[in-house]
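K.L.:
Here are the chains, one letter per residue:
Number of protein chains: 2
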Amino acid sequence: MQYPDYNAYRRRILNDAILPDGFQTAVVPLEFIPREIPEAGKQSMNLALIRLSEPASSFAGVFTRNAFPGWPVVLGRKMLNVPGIQGVLVNNKVANVGAEDGMAASEHLSELTSKLFGDSAPYIPSSTGVIGWSLPLEAMESALPDLKGNLQSDSLLPFAEAIMTTDAWPKIRSGKCGEGLITATAKGAGMVEPDMATMLAFFLTDVSVPRDAARAILPDVVDESFNRISIDGETSTSDSVLLLSSGVKPYPGDEAFRLSLMETAEALSEDVVRNGEGTAHVFRVTVSGAEDRQTGVNLARSIVNAPLTKTAVRGNDPNVGRILQAFGSACGRAGVTIHRDRLSLDIGGRRVYSKGTFHLNSQEEAALSAYFRGKELPLPSKKWPMHEERVDIELHLGSGNASASVTGSDLSEEYVKINADYRT
Amino acid sequence: MQYPDYNAYRRRILNDAILPDGFQTAVVPLEFIPREIPEAGKQSMNLALIRLSEPASSFAGVFTRNAFPGWPVVLGRKMLNVPGIQGVLVNNKVANVGAEDGMAASEHLSELTSKLFGDSAPYIPSSTGVIGWSLPLEAMESALPDLKGNLQSDSLLPFAEAIMTTDAWPKIRSGKCGEGLITATAKGAGMVEPDMATMLAFFLTDVSVPRDAARAILPDVVDESFNRISIDGETSTSDSVLLLSSGVKPYPGDEAFRLSLMETAEALSEDVVRNGEGTAHVFRVTVSGAEDRQTGVNLARSIVNAPLTKTAVRGNDPNVGRILQAFGSACGRAGVTIHRDRLSLDIGGRRVYSKGTFHLNSQEEAALSAYFRGKELPLPSKKWPMHEERVDIELHLGSGNASASVTGSDLSEEYVKINADYRT
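Those protein sequence lines, which keep their order, are chains A and B. Mapped onto my numbering, the consecutive letters of the first sequence carry residue numbers 644 to 1067. Mapped onto my numbering, the consecutive letters of the second sequence carry residue numbers 644 to 1067.
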């Protein structure tokens, strides 16, 4: 899809932002001075709420595998066991990771929110932002009551905008699911200012997916969507994907629900990659002909994460040697044998290596370079994506029938500049 | 060590460049036009030779684990079985990886060299440079005879300079070993122009290390030196470390030999990291208190390779949250449990995290930032390193008694610029 101007993008987003039945959202901004580093000066934060009309027993969550998770993640994992939840309370700017009394702070805010609305069920807290700072409890408590007056059920867009940190634009996708709807938003700015690069995603649906089905299907879908994107190979301390069902529409069955959820999740996860401020190309590496799918995933991820591949793509440089170098390196680490004569490499559908040798010539290089250029996004990033183009790289191992894809972003000077300059 | 000008560096290098007894080197430059991409125009290449006065039965080699190795690596592995070798023939500019008839080309050059000098024993070929191009056999054959007239036994410096590709300066280290000497050189420009980032290292000694001892000790030493540096987490298609002994001096015993070799290898491997044109800081991550050493190595390597750590170090940014984030991510992947209360993080000897919380304040941040600044190298790189300073980061797990260090380079805008602009 092409977005020649912000209005074109906004039309698509607004169309996708329709809230499923049974959901409301509210947003309130606040300001605070960080306790640990008062010299950092006044900071802006948003509180953003998703509220269900009735407590939902059907909800599911997938959290970061980082062994040093934020306190909201620790609490969120525990809360998966409660019989029902009322919604989600999100703040940006402070991730509440490694901060003193961080667990108590998240619990406290969750309780205050239930009290404010007179709800019997709890809210799952979610935080994203600087690691190490404490939540500014006093300022958050003062702002919280304003959420009540700001409730609306028109659009997910204000919520999607409020949870942004260094995201360049809001990200929303939705799709039909039987007679109902799945609408989802994610924040996550990829490699930019990485201690704010938490990926949070919220999937809202009005179809009455059973709790057990939600918990079986969400991890599978996340595994094939959000776990198939890779920006810098890192798992943040706060990554969370939550699914909430208001249950007011009939359930179309597991298969239909899984398909709808997958479609939304795939589109949204690619949006996350495209959104990195330093992202000039989105590229997808497919490893086919592998002995099993996990091998395909691991190898594809290694190539997507290799700085050599990333910078070649950035420079529109058809440096095919780098891709095979990264592939050989990954295979060496994984103990996967390469059969030189069966291996092939395609870029944008053009065969550049097969039968043991590269097919290199100037004409081919020019064609590949033009292909890369055609997929390029302008840097520095605009306030909306220009298009949804993607560079496709496929490696065929010739060893089996399994295949897997991983989607990532290139590595730009802008990324390094933003990250190196951050805070200093 | 400080090197205020090139002469200061050259004094150190010349002092280290003394050839052990029994070795000669020769260098000859040549020009060629690449067969595959003639539009690339005239290219410069060096042929560089190490020749032993007598065939050496004591030699050892450690080669890349990349599953897509260059032809010289495939041939070199086979040649480890011959009873004796006469030396090494190295070329830069073309790596001979994935090129048609590449194996035959390397074999042919090796044979021509033996014939030229009337030697009965073979030469191990070694190539570094562009992946995918064929060796320019005709031009190399024409230049080869000039090696004979250029033989000298004064210094390793001309050889060290001739094997450079995008290296900013030659790298040589030497140390005493009993009554003899170990002198070594390496080429490898780290993350710069990565399809030329092959690391080749040659260790020459005159002590009569037995063949079996050489082959037992070299892999161990490489594992704790060259395998403990990490520039971009990649293993090139051509990485090779060779050890040759002329055997004309007495052998001081395994322990003394191992120590000498380790000392030279550690210094030389850190030189390789410092040499990356995009390297503004060398930093070392130590993971202590691990349950076993391999866990320590894996975790330290993950942090060294994390773009988040790399850019923070680049920007002199004491963004301690990123380091713990990367550590948590690596622990999560490796299935290592973090005990929050036992974990501690020190940077440059300053404790920044312990007992479950960060110790953050403005004064501490300023001190850490000053520490990073003090270790910075100027960018763009000069033709010599300014100093041998290093940033030290230590994570203590509190789970056991094992510890391991990995040394790496930061990630700079210059790196991305050079790599993205390469060839286009």
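Accuracy of the hints is not assured; some may be wrong.
Pairs involving identical chains hold if they fit within one copy or between any two copies, as the list cannot separate such chains.
When the alpha-carbon atoms are kept at most 25 Å apart in a straight line, the in silico DSS-like pairs for lysine-lysine are as follows [unchecked claim]: (1) 791 with 1025; (2) 758 with 1060; (3) 721 with 892; (4) 1018 with 819; (5) 721 with 998; (6) 685 with 758; (7) 721 with 736.
No wet-lab data here; the hints were simulated from the structure.
K.L.:
Determine which of the earlier numbered hints do not hold for this structure and return their numbers in increasing order.
P.N.:
Of the numbered hints given earlier, those the structure breaks are 1, 2, 3, 4, 6, listed in rising order.
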